[in-house]
Amino acid sequence: MTEFIFFINQVVISGAVLGCIYALGAVGITLIFGILRFAHFAHSELMTSGAFFAFLLAALFASWGIVTPIPMGFVVLPLAMVLSAIFALGVDKGFYAPLRQRGAKPVILLIASIGVTLMVQGLIRLFFGAGSYSFFENETKDVFRVDTSFLGSTRPLVITEPQLLMIIVTIISVLALHFFLTRSRLGKAMRAMADNADLAQVSGINTALVVRVTWVVAGALACMAGTMLALDVTLKPDLAFNIIIPIFAAAIVGGLGQAYGAIAGGLLIGFAESLAVFNWTMVLRPLNGVLPEALQLPATLALVPTEYKLTVAFVILVVVLLVRPTGIFKGASS
Amino acid sequence: MIARSLSLFAGLFALILVIGWLMGVPFTSSRLVEATAYALIALGLNIQWGYGGLFNFGIMGFLMLGGFAVTFISYPINPSFWGSDGPWMLGRAALAFGAGALLVYAARQSHRLGLRGGWKTFTIVLAWSVAYCLYRSQIDPAAAYIESTAGFVGGLGINPVFGWLFGGVLAAGVALIVGKIALGLRTDYLAIATIGISEIIRALIKNMDWLTRGTLTVSPIPWPTPLPQEYQASGADQLSSLILARGGYLALALLVLAAAIWLVSRAYAGPWGRMMRAIRDNHVAASSMGKDVKSRQLEIFVLGSVLMGIGGAMLVSFTQIFDPSSYQPINHTFLIWVMIIVGGAGNNWGAVFGAVLIWLVWVISEPLAKTIFETASYWSTSVGWPEIPDIESRSAQMRVFVLGLVITIALRYAPKGLIPEVVRRDS
Chain Z
1 MTEFIFFINQ VVISGAVLGC IYALGAVGIT LIFGILRFAH FAHSELMTSG AFFAFLLAAL
61 FASWGIVTPI PMGFVVLPLA MVLSAIFALG VDKGFYAPLR QRGAKPVILL IASIGVTLMV
121 QGLIRLFFGA GSYSFFENET KDVFRVDTSF LGSTRPLVIT EPQLLMIIVT IISVLALHFF
181 LTRSRLGKAM RAMADNADLA QVSGINTALV VRVTWVVAGA LACMAGTMLA LDVTLKPDLA
241 FNIIIPIFAA AIVGGLGQAY GAIAGGLLIG FAESLAVFNW TMVLRPLNGV LPEALQLPAT
301 LALVPTEYKL TVAFVILVVV LLVRPTGIFK GASS
Chain W
1001 MIARSLSLFA GLFALILVIG WLMGVPFTSS RLVEATAYAL IALGLNIQWG YGGLFNFGIM
1061 GFLMLGGFAV TFISYPINPS FWGSDGPWML GRAALAFGAG ALLVYAARQS HRLGLRGGWK
1121 TFTIVLAWSV AYCLYRSQID PAAAYIESTA GFVGGLGINP VFGWLFGGVL AAGVALIVGK
1181 IALGLRTDYL AIATIGISEI IRALIKNMDW LTRGTLTVSP IPWPTPLPQE YQASGADQLS
1241 SLILARGGYL ALALLVLAAA IWLVSRAYAG PWGRMMRAIR DNHVAASSMG KDVKSRQLEI
1301 FVLGSVLMGI GGAMLVSFTQ IFDPSSYQPI NHTFLIWVMI IVGGAGNNWG AVFGAVLIWL
1361 VWVISEPLAK TIFETASYWS TSVGWPEIPD IESRSAQMRV FVLGLVITIA LRYAPKGLIP
1421 EVVRRDS
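Residue numbers (our numbering), protein chains in the order written: chain Z, 1 to 334; chain W, 1001 to 1427.
A couple of the hints might just be wrong.
As the list claims (entries may be wrong) - Computed far set for chain Z versus chain W, every beta-carbon distance over 10 Å:
(1) Q121
(2) E137
(3) V169
(4) S184
(5) G187
(6) I245
(7) F248
(8) E307
(9) T311
(10) F314
(11) V315
Unchecked claim - DEER-style ranges, computed between Cβ atoms:
(12) A1101(W) with G152(Z): 56 to 62 Å
(13) Q101(Z) with F1013(W): 35 to 41 Å
(14) G65(Z) with M1023(W): 35 to 41 Å
(15) E1392(W) with G65(Z): 53 to 59 Å
(16) L56(Z) with C1133(W): 37 to 43 Å
(17) S1240(W) with G103(Z): 40 to 46 Å
(18) I70(Z) with P1367(W): 45 to 51 Å
Derived by calculation from the structure, the hints in this document are not laboratory data. Note that beta-carbon positions come from the ideal geometry of N, C-alpha and C, so glycine has one too.
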């Protein structure tokens, strides 16, 4: 049983945390692709800047002497999401809208989004330097150790408070997104426009409003993902830039333009990454007593070495693109 | 059009003179050699994107392959590796690799034995996993053995120019595989797939310590032309030896660049170039005229990657150090894209102009930002405000911002680039 709990600690929890972050990022990318038909590369910077908004707000609240029972990062999250949504709208207005009006091809918009990535990253580094920050400088990161001895395990089940909150918050926001897309008028308009923009426009849907709502939703979710990533590890200027490719992989694996596909893809990639580097010897060790001398298990028996963890996402991406080019859920094409 | 290009190049020349005057000759000569290598790389991207409309965001991977190739070819021989069991163990790993490849190939052909649908897929997946386990079982002990006894494989001690060529060949080989996998994809997918592949290449080169020494870096890598130290040994003073040595390297690099431009321009002006533009602008029409779109695109992808491999090799042998962890997507992929966008996609001279201009902007934006910050800090302290902290590290980050600003302005106000593609219409 100890081995099973170890497996849960190493694979299920870390995979779920990673998967939640990937899923939230990928939903934004996939929504933008569905509505505006371009791969929004600067999504990583929306995530990082969102995390910095949350960090600044948390520092501000802490300086006012406000003490909260849950980590400050989660308390300020709604406010930071509003700021991020405004920021995303501003980026669209300043950089993408003029190009769209000129009728630029999606490829040009992709390159423009790389320009935005570089500018935002330059600005963040200008103000915050290249160092890393922590949300937990003034408060402690609570760690829950669930005693599992009743199951016959010598190890406790370990989960930190941010990780637990993160999974809960993700489930709530995915449900909210589901009801928004299926029940509300605007959500239905968004899905209509993703299916066929011209048809949506002649049916009287206000497409400009839909575009704005897309940016608001994408910016808010990006802020949530970035802040939660920063709460789990540390906050640094290249926080999300390093994981933008797995996030894109999640969006593509799920099928670009498919919100549910992005969530499935994010979880798939998150679990695959943590499963691939898992050391199976830790679980299979009892077998050493049964196996003959020549077949003893080596000290590490992982599918891929730890340093290749990030490449797992790319390999999945390449395989999916080869076998099923439009993703698991059939993706939109531009 | 020609007058505009000439005046732009004259302006670039004046900029180089100003930088030479402000920053000194040693700084400027190094930057010019690097700019030449980047011009070659930009030419490669121009072939892929400007001629063929192919979206390659994996330039970093090809530059790393070139850098590894020149390191492997030109670094002195490591006797402690060749005297050990290492070569034999590597040979066994290569055999395992070959056996695995054969197994996968056999599984892919299993339909000849009557295997269909799910059974064939199952066989292929099984063959892949068996091949992977077979290879890992041989390469892991070999890698551990080499790392513990000899450090790394070492080089072959051949002239670096052959290393440049090998860089091109290696990049071509990888580009062939990548192209076969990815070129059928649409633009956005292709962009993401190439980024992913370049990250895989980076992870491999960074972590295969037995082959590349990984993060421990390899140096000094020899030059194809005499080093400054060799001029000094024959009695030249420090400055003139530096200028002579870098001048020699620059001349060789310019020779390679000129040859590449000449060949590419000849091909572009001929029927081959017309066919490529036809495929880029309307691949449906081109294929209806009997052109094999897929293999032509593969051809152009490989050709562009060859230039990238050679350029990457030139950069590494100039800096004399191969450091896999110094490769970043911003510096080695997006920078090249900015060069092409600003210079003008589809025009070789535009690519060269953009490469030199953007490289100079990239290297001078740090000292420039530092000067601006120091001046601002001086004025703010003189009116009683606190001075700007950490000017050194902040100005180093400014170049990323400047790069983003340049690309945004270029897309907005000169979307076709400063020296745009010339579309000739025969009446």
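So, going through the hints one by one against the coordinates:
{"no.": "1", "hint": "Q121", "verdict": "6 Å, violated"}
{"no.": "2", "hint": "E137", "verdict": "19 Å, holds"}
{"no.": "3", "hint": "V169", "verdict": "28 Å, holds"}
{"no.": "4", "hint": "S184", "verdict": "28 Å, holds"}
{"no.": "5", "hint": "G187", "verdict": "24 Å, holds"}
{"no.": "6", "hint": "I245", "verdict": "6 Å, violated"}
{"no.": "7", "hint": "F248", "verdict": "5 Å, violated"}
{"no.": "8", "hint": "E307", "verdict": "5 Å, violated"}
{"no.": "9", "hint": "T311", "verdict": "5 Å, violated"}
{"no.": "10", "hint": "F314", "verdict": "3 Å, violated"}
{"no.": "11", "hint": "V315", "verdict": "7 Å, violated"}
{"no.": "12", "hint": "A1101(W) with G152(Z): 56 to 62 Å", "verdict": "46 Å, violated"}
{"no.": "13", "hint": "Q101(Z) with F1013(W): 35 to 41 Å", "verdict": "37 Å, holds"}
{"no.": "14", "hint": "G65(Z) with M1023(W): 35 to 41 Å", "verdict": "51 Å, violated"}
{"no.": "15", "hint": "E1392(W) with G65(Z): 53 to 59 Å", "verdict": "35 Å, violated"}
{"no.": "16", "hint": "L56(Z) with C1133(W): 37 to 43 Å", "verdict": "50 Å, violated"}
{"no.": "17", "hint": "S1240(W) with G103(Z): 40 to 46 Å", "verdict": "56 Å, violated"}
{"no.": "18", "hint": "I70(Z) with P1367(W): 45 to 51 Å", "verdict": "47 Å, holds"}
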